[in-house]
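S.K.: Sequence:
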Amino acid sequence: MSTKNSTLNESAKATVARLKSSRTQPSQVQPDDKAVAGNGTSKSRSVQRVSKNKTSVNAAERKNVANQIIKQLLFGELTQGQALKALRINVLGLKQDVYAKLVDISRKTLSDIENDRGSYKTDILNKAFKPFGLKVGLLPSSTNALRSLLQSHGATD
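Residue numbers (our numbering): 45 to 201.
In short, the hints are calculated from the structure, not lab data. Because the structure is a prediction, the values reported are computed rather than measured. Mixed in with the good hints there might be a few duds.
Derived DSBU-like pairs (lysine-lysine); straight-line CA-CA distance at most 30 Å [stated by the list, open to error]: (1) K57 <-> K179; (2) K107 <-> K139; (3) K152 <-> K107; (4) K174 <-> K107; (5) K152 <-> K115; (6) K165 <-> K115; (7) K139 <-> K152; (8) K115 <-> K179; (9) K115 <-> K139; (10) K152 <-> K57; (11) K171 <-> K107; (12) K171 <-> K152; (13) K57 <-> K174; (14) K171 <-> K57; (15) K57 <-> K107.
Label pairs and their computed distance ranges (CB to CB) [as the list claims (entries may be wrong)]: (16) R161 <-> R191: 15 to 23 Å; (17) D167 <-> G198: 31 to 39 Å; (18) L182 <-> A104: 27 to 35 Å; (19) N102 <-> N188: 34 to 42 Å.
Here a beta-carbon is modelled for each residue, glycine too, at the ideal position from N, C-alpha and C.
Build the full structure now, drawing on both the sequences and the hints.
M.R.: Put into structure tokens, the structure is as follows:
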């Protein structure tokens with residue numbers, strides 16, 4: 045079990061390093077140098093991405109995608125779970141297990157949140173959304189009231 049945990053730790057550390065490096069070099073994906081295999085030997089492996097075909101996007105594109113998803117969430121077009129899943133996949137490109145380790149929640153909890161199952165405390169939801177600069181809060185229940193509020197502050201198109 046400790047080998048599996050150390051591999052996940054390495055994946056989370058590699059992910060954080062890749063995200064930090066992408067701020068300055070957006071088109072490059074930084075692979076892990078070494079990962080410990082189950083038998084204790086070292087082998088090289090790449091960062092775990094959701095899809096092998098998915099390419100890295102630059103910081104500006106990630107920000108645009110994140111803003112579109114957040115806007116859909118605010119206006120009720122996406123549930124919290126759908127938004128978290130879209131952000132995890134489309135902005136970070138991470139698998140559930142790697143992202144769960146990154147935000148320090150279990151993969152099952154992440155899966156339940158993304159599938160809108162269960163009722164989680166605010167601190168768990170805040171952990172899940174923290175990498176995107178989001179936290180749980182109060183919003184007007186009417187999307188028209190929200191639009192009006194945002195337009196009065198010049199925050200919408």
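S.K.: For every hint, state whether the structure bears it out.
M.R.: Now for the hints, and whether the structure bears them out:
1. K57 <-> K179: 23 Å, holds
2. K107 <-> K139: 19 Å, holds
3. K152 <-> K107: Distance of about 27 Å is within 30 Å: holds.
4. K174 <-> K107: 15 Å, holds
5. K152 <-> K115: 27 Å, holds
6. K165 <-> K115: 23 Å, holds
7. K139 <-> K152: 13 Å, holds
8. K115 <-> K179: Distance ~14 Å between K115 and K179 Cα, so the pair holds.
9. K115 <-> K139: Measuring from Cα to Cα gives roughly 23 Å; hence the hint holds.
10. K152 <-> K57: Between K152 and K57 the Cα gap is close to 20 Å, so the pair holds against 30 Å.
11. K171 <-> K107: OK: K171 and K107 at ~20 Å, within 30 Å.
12. K171 <-> K152: Holds - the C-alpha atoms of K152 and K171 are around 14 Å apart, at most 30 Å.
13. K57 <-> K174: With a Cα-Cα distance of about 17 Å, the restraint between K57 and K174 holds, given a limit of 30 Å.
14. K171 <-> K57: This hinted pair holds, its Cα atoms lying about 17 Å apart.
15. K57 <-> K107: 22 Å, holds
16. R161 <-> R191: 15 to 23 Å: Between R161 and R191, where Cβ atoms are some 30 Å apart, the hint is violated.
17. D167 <-> G198: 31 to 39 Å: 33 Å, holds
18. L182 <-> A104: 27 to 35 Å: 30 Å, holds
19. N102 <-> N188: 34 to 42 Å: With a Cβ separation near 35 Å, N102 and N188 satisfy 34 to 42 Å, so the hint holds.
The structure fails hint 16 only (numbered hints given earlier).
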